[in-house]
Amino acid sequence: MAEQTSPPTAHHVGRAQLLVCAGTGCVSGRSLKVREALLEEIDKRGLKDEVKIVATGCQGFCAQGPIMIFQPDGIFYQKLKPEDVPLLVEEHLIKGRPVEKFMYVPSAGEPPIPKLSDIDFFNKQRLIVLRNRGLIDPEKIDEYIGREGYQALAKVLASMTPEEVIDEMTRSGLRGRGGAGFPTGVKWGFTRKAPGDDKCIICNADEGDPGAFMDRSIIESDPFSVLEGMAIGAYAIGASHGYVYIREEYPLAMERLHIAIDQAREYGLLGEDIFGCGLNFDISVFRGAGAFVCGEETSLISSLEGRMPEPRVRPPFPAQSGVWNMPTNINNVETWANVPVIMRRGAEWFSSIGTDTSKGTKVFSVVGNVNNTGLVEVPMGTTLREIVFGIGGGIPNGRKFKAVQTGGPSGGCIPASLLDLTIDYERLGEVGSIMGSGGLIVMDERTCMVDVARYFLEFLVDESCGKCTPCREGVAQMHGILERICAGQGRDDDIEMLIELAEYVKDSSLCALGGTAPNPVLSTLKYFRDEYTAHIADGKCPAGVCKALIQYSISADACKGCTKCARVCPVGAITGAKKQPHTLDRSKCIKCGACYESCSFDAVLVE
Amino acid sequence: MARIGVFVCWCGSNIAETVDSPAVAAYARTLPSVVVARDYRYTCSEPGQRMITDAIREYGLTGVLVASCSPRMHEATFRKTAATVGLNPYMLEMANIREHCSWVHTDREKATAKAKDLVRLMVEKLRRNRPLAPIVVPVTQRVMVVGAGIAGIQVALDVAAAGYEVVLVERKPSIGGHMAQLDETFPTLDCSQCILTPRMVDIMQSDKIKLYTYAEVESVDGYIGNFNVKVRKKARSVDVDKCTGCGDCFNNCMSRNKISVPERVSVAESMDQEMKNTLDVILEPATGEHGMLISVLQDIQKKYNYLPPDALRYTSERLNVPLSRTYGLARFYNSFSLTPRGKNLVRVCMGTACHVKGAGLILQALERLLDVKAGETTEDGDFTLEPVRCLGCCGLAPVMTINDDLYGAVTQAKLPKILERYRKQAPAAVTPGGTDQTAPSDVMAGETVDA
Ligand SMILES: Cc1cc2nc3c(=O)[nH]c(=O)nc-3n(C[C@H](O)[C@H](O)[C@H](O)COP(=O)(O)O)c2cc1C
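The listed protein sequences correspond, in order, to chains A and B.
Anchor point for the first sequence: position 417 equals 417 in my numbering, and the numbering is continuous, going up by one each time.
Anchor point for the second sequence: position 163 equals 1163 in my numbering, and the numbering is continuous, going up by one each time.
Bound conformation, chain B alone:
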């Protein structure tokens, strides 16, 4: 049976001001296996340490918990103290109720409760501790890093800079990982190549780093300081020392298995050809120009009343802009939609003037009437409901628009009638949706279209 003693420190006022140390000690006494619990002003002082050794003797303790500061401060102190009276030093544990508790909290009640939790946890640990004896084992001072993406590369460089040998293993023929495939990185949009390439060069130049590319870890056994790792180097059939990286072999390889570089598939062939023709007209003036992306997207949206995925892909390809940027812009601006919109676009102004005149309730009423949530399209494709920031018609608040028609001073009572006008005109046969959707924008204006 474990016999545990708990010593809760005040650390002057450092702990005691925020944690009720006597209360924690009293609580400790209620815990299983605890036979004695005390609180004391400075446990690390001479008398404090003596209190521990005396208690070990008096109560025949098999484990001691000191609830005080970080183990980094005094774990060694207390373990040595305990050892002087014959307690196995590893049977002394610490609960950090200062750095982890009193210093970071202000609410005394809650901090005390947390200190109790910490004490309970450590008592449970002590109940399971076994006496340990220190042993000495030789350590191989070499580090293996598996995976040479940006993280692996940075770790390898840091460890090498600290003076240790590094073995860096990468499954692919070249290093860099995902970072090498990115254009810019979140959230600062820094150029990822500018971050990556200097580090790749550093790896090659470091005499502390041994790089195995096109190699895979097959097995790992052993333990910390003494691992045995089996790495399989795949047949490369290239003498790496002589290779200049000219790429001729790669380009001229007859085999289908072109190493690891995915082939770019142009969307031009697989996409709807009518859409391609339409886009060609829109994209023509923008090709080779800067800064036309947004107006191009506006034109596409006008044509299709949303931005179809293929249109975005084709735009990126033709304008030679990364798809990530095109999508990024399309998602950033409120006026672009990535899903098809209904035949009638109902926009409710959420400007401040409209807000104070009940625009929120108008929007909710429309949600009920159309049975959609804001931003969605009705099942029959007749209406899309969108809140907008401000239509700048604040004098008429609350305001909504349907297509190009503006309605001022709307009330909930007027809504059903207003919507009815557009329902009647809605042609049954034109269903928006799908990438082959070619509903011209004038259908959106609520005009009658022959079914």
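This is chain A alone, in the form it adopts within the complex:
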């Protein structure tokens, strides 16, 4: 937490600062209405000059939203509604009594934790990339500058040659956060050395992995760190133009990015002759149109140029010939956001964090079946157990942990026996997964691993661009087999066939989309083969997910007759009198799971 202690200094004001999260998650929970209510209430009580309300970017603790931090006390409030505001202002601001009922409760029955710094979710993290999250208004460049923003660019321009910058980056050991983990300094060096009058840099904000939202959150909470990183990169590489390729599903991030670029231009931090040091560099935003393969660098370049976004063979690498044939350097959002801190604090400091091969921190989106879902940043080398049970607070509803999935559709599932694995690029690769962009999906005993493999392959079949045959046809065949297994029609030799196909697809696909497509299947087969055989040989889905293999029923003992299930059943298959055990008519049941989802007493059974 060292990096997150001092509050913003730029507009320091009187008595209190209320930091209201305005990330996508909290906004959907009406946090902007909460902010309006606060403004109104404070105005009404004549506290306008003493209390400042800041709309911050994503604070990462999305499941608890809308959230607010009360400074200087550091009190964390969660799940606020606009109606709660008068009480909150009255109690906390006027009477100085923090309000317990809006505080975080780790688990039912335990006392609430008032301070943000005492909550495990926050205090076990180490914030480098997310150093400004929740502390600045992402739409105000002054607040970024107030937190040491643009000092790195000033230092670089005033006192370092481009070669020295590249050397510093290389020594820092920073590796690409977009998935493959290529050393960033080395990549910059290639592009710098490539012949060409003009060069180009790209920030890859396509974030195609389902279940990951680090890049969105970074841009929403601290867009300037990305812009500053890119300006430093432009200087080191010798590029006059940069693009941010951002996916269209992120409207708020896009808006903040545009605002940030406009403000940076106004301050002379983008455009001609930056800092009066002769650096000319500007950035345009390019909006993607929803295609996973566009995250792959060669495909992204084609997409930028308005051609069919299909990957092409490398070499030539983008560093040799990229956008409009210019040498082009592509890095991920999180990679860029690391750059200013590294330049400011130096390679030695950065490389002291992390493991032998993987330096610094990594941002993960810890989601799925875990108590504290949200965005976490931890040093490389943290164990999965620490992330899932320490920060994540374990599995909800007392269920059993089954696996974590990392690396999106190119990654794999890691079982409970490997919870003590320390996370870095190499360790994850060894167990059959990858670091990927940082999606970390926690799965409990109610998740079917065959279904998960089927899910990822369905995704990949849809997203395969169709250019090369192994990926287009091979992945589709594998998906067909998994569909069959999930439908209860698996054949004895299906597993061998899956493995054989997987090898072909892996070895012969054109780009990494196909090259890594079999991973979800191979890793689930490696650790959860018994689930496959249960589907094929016994016709059972042990997790109770695959429709064709399950039946619902109601336990007469557990049912309290609350009638909820009968009300949600869309086909009227459940009957029963109030306060009497209900019954389910299997001949009518369409297995939609609505009853299972709604029952508060675990009385709906699935087998």
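Hint data in this document are derived by calculation from the structure and do not stem from the laboratory.
None of these values were measured; they are calculated from a predicted model.
It is possible that part of the hints are untrue.
Claimed, not checked - Heads up, simulated BS3-like pairs for lysine-lysine below, C-alpha to C-alpha not over 25 Å straight-line:
| # | chain 1 | residue 1 | chain 2 | residue 2 |
| --- | --- | --- | --- | --- |
| 1 | B | K1208 | B | K1234 |
| 2 | B | K1110 | A | K560 |
| 3 | A | K591 | B | K1373 |
| 4 | A | K79 | B | K1110 |
| 5 | B | K1208 | A | K81 |
| 6 | B | K1208 | A | K547 |
| 7 | A | K81 | B | K1417 |
| 8 | B | K1234 | A | K578 |
| 9 | A | K588 | A | K540 |
| 10 | B | K1414 | A | K564 |
| 11 | A | K540 | A | K560 |
| 12 | B | K1414 | A | K33 |
| 13 | B | K1414 | A | K579 |
| 14 | A | K591 | B | K1414 |
| 15 | B | K1417 | A | K564 |
| 16 | A | K578 | B | K1417 |
| 17 | B | K1242 | B | K1208 |
| 18 | A | K591 | B | K1417 |
| 19 | B | K1110 | B | K1125 |
| 20 | A | K588 | B | K1208 |
| 21 | A | K79 | B | K1125 |
| 22 | B | K1417 | A | K33 |
| 23 | A | K588 | B | K1125 |
| 24 | B | K1110 | A | K547 |
Take the given structure of chain A and dock chain B with the ligand to it, following the hints.
Below, chain B with the ligand alone, put in the same frame as chain A:
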């Protein structure tokens, strides 16, 4: 009555390891007309051949089937053997149970079953065979290729390269066919002209190829090696030897019948003029610029909430991009729709976090509630239901959005209420659909519009 003998070979272990040769022989004995069937380790060996000749004599066979390797290997061998004892060589057939069976399969049971099938087929053929006598006929060593598209051109060049004369006939005045009309070819998007034009030149330069363009095949008779073909050359009224291809006659021809080049009809006149004006504004900054196609399509989609066909045609025309590319892009990206969307766009996140929290069931519940399949629009045009890859709000899983509103932690039970909000606001009079649809995008945001 045919009297057939069947000889099933082991080929050492080549066949016998995967095919149960004795079982195949036993099966052959049950087939009609088969009077003897044997299996043997090496049928092509001396003793193996003797076994065949002995059987022909002993059983008075009228046909022999050897089930062994490819006829390319030993058909001649066995036919000669059979002929030594007076059997017409064409009454000996082979069933290929090695290359077509044992070598390509691993499952012994299934391979044996397939070998039996092959034997049965060939026995049936033998039952219908008639003794043949070889004859010699002269062959004209010249090849005619009909149609000078890319395939015809390549065949003509290959045959000419092998040293034979070729007659290439093409109905149109010029060669090249469909390939000449394409910009890029599937799936590698190679430039089709770069593939075609060198070959067109080769055709003209080859002294082995006689090219008849603007000519049609009228009749074909005769048989292999001795065809008689009648080709009608249409009146061209141009001395091909003198023509330089300058095109002046073509351009100045007063006749309506401008030879075979279809006239390009601009969509600008036939399309809705209001749409044209709107598009002109969108397209203005992009004209003459590279790489603006996607943002243009995004703007058009924003305006019409889908990509109307005329808009795509007009965009291609103005930006001078092949229509195939514009359509290609429009179909490639998930966010473009080629059919009109409803007034409210319901998107269900299918990200991994949402998946493990039951997004699939939420989508199915919405399909039931709206009575549409994913990707479709309700009949009244109120809702379009679309699954999306990931909305990046994984902490709130499962997530859905309606227009610009995001709903986190949705359950099936909450859905009817959520939808109801948008139904109420839905104005009755605005019906999306058709190319003249001008529903502004703010209608999509679920605001009330005066009917
Ligand atoms: C199918 C596929 C999808 C990808 N998607 C992304 C993405 O969404 N975001 C990203 O930063 N990199 C993505 N990548 C990796 C990029 O190709 C590239 O390696 C990365 O942007 C380089 O940046 P880095 O060195 O900072 O990691 C993807 C790669 C593949 C093969």
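For each hint, the structure was consulted:
1. Simply put, B/K1208 and B/K1234 have alpha-carbon atoms about 23 Å apart, close enough for the 25 Å limit, and the pair holds.
2. Taking the CA atoms of B/K1110 and A/K560, the gap is near 57 Å; set against the 25 Å cutoff, the hint is violated.
3. A threshold of 25 Å between alpha carbons decides the hint, and for A/K591 with B/K1373 the separation of about 18 Å falls inside it, so the pair holds.
4. For the given pair, A/K79 sits about 65 Å from B/K1110 by alpha-carbon distance, which is inconsistent with the 25 Å threshold.
5. Among the hinted pairs, B/K1208 with A/K81 is inconsistent with the structure: their alpha-carbon atoms are about 87 Å apart, more than 25 Å.
6. Proposed proximity of B/K1208 and A/K547 is contradicted: the alpha carbons are some 67 Å apart, above 25 Å.
7. Between the alpha carbons of A/K81 and B/K1417 the distance comes to roughly 20 Å, so the proposed pair stays at or under 25 Å and holds.
8. At roughly 90 Å between alpha-carbon atoms, B/K1234 and A/K578 are farther apart than 25 Å, so this suggested pair is violated.
9. About 21 Å separates the Cα atoms of A/K588 and A/K540, which keeps this hinted pair within 25 Å; it holds.
10. At roughly 12 Å between alpha-carbon atoms, B/K1414 and A/K564 fall within 25 Å of each other, so this suggested pair holds.
11. At most 25 Å may separate the alpha-carbon atoms for a hinted pair to count; A/K540 and A/K560 exceed this at roughly 29 Å.
12. Between B/K1414 and A/K33, the direct Cα distance comes to roughly 22 Å. Compliance with the 25 Å bound is thereby established for this hinted pair.
13. At most 25 Å may separate the alpha-carbon atoms for a hinted pair to count; B/K1414 and A/K579 meet this at roughly 23 Å.
14. Under the criterion of a C-alpha separation no larger than 25 Å, the hint pairing A/K591 with B/K1414 is consistent with the structure, at around 18 Å.
15. Between B/K1417 and A/K564 the alpha-carbon distance is near 16 Å, which keeps this suggested pair within the 25 Å criterion.
16. The straight-line distance between the Cα atoms of A/K578 and B/K1417 is roughly 24 Å, inside the 25 Å bound, and the hint therefore holds.
17. Between B/K1242 and B/K1208 the CA atoms are separated by roughly 21 Å; this keeps the pair inside 25 Å, and the hint holds.
18. About 22 Å separates the Cα atoms of A/K591 and B/K1417, which keeps this hinted pair within 25 Å; it holds.
19. Only pairs whose Cα atoms come within 25 Å are accepted, and B/K1110 paired with B/K1125 is accepted, the gap being roughly 23 Å.
20. With a C-alpha separation of about 76 Å, the suggested pairing of A/K588 with B/K1208 is violated against the 25 Å cut-off.
21. This hinted pair does not check out: A/K79 and B/K1125 have alpha carbons roughly 82 Å apart, beyond 25 Å.
22. For the suggested pair B/K1417 and A/K33, the alpha carbons sit about 21 Å apart, so the restraint of at most 25 Å is met.
23. For a cut-off of 25 Å, the pair hint linking A/K588 to B/K1125 is broken: about 56 Å separates their Cα positions.
24. Distance restraint check for B/K1110 and A/K547: the Cα-Cα separation of roughly 33 Å exceeds the 25 Å cut-off, and the hinted pair is therefore not satisfied.
Violation of the numbered hints given earlier is confined to hints 2, 4, 5, 6, 8, 11, 20, 21, 23 and 24; the remaining hints are satisfied by the structure.
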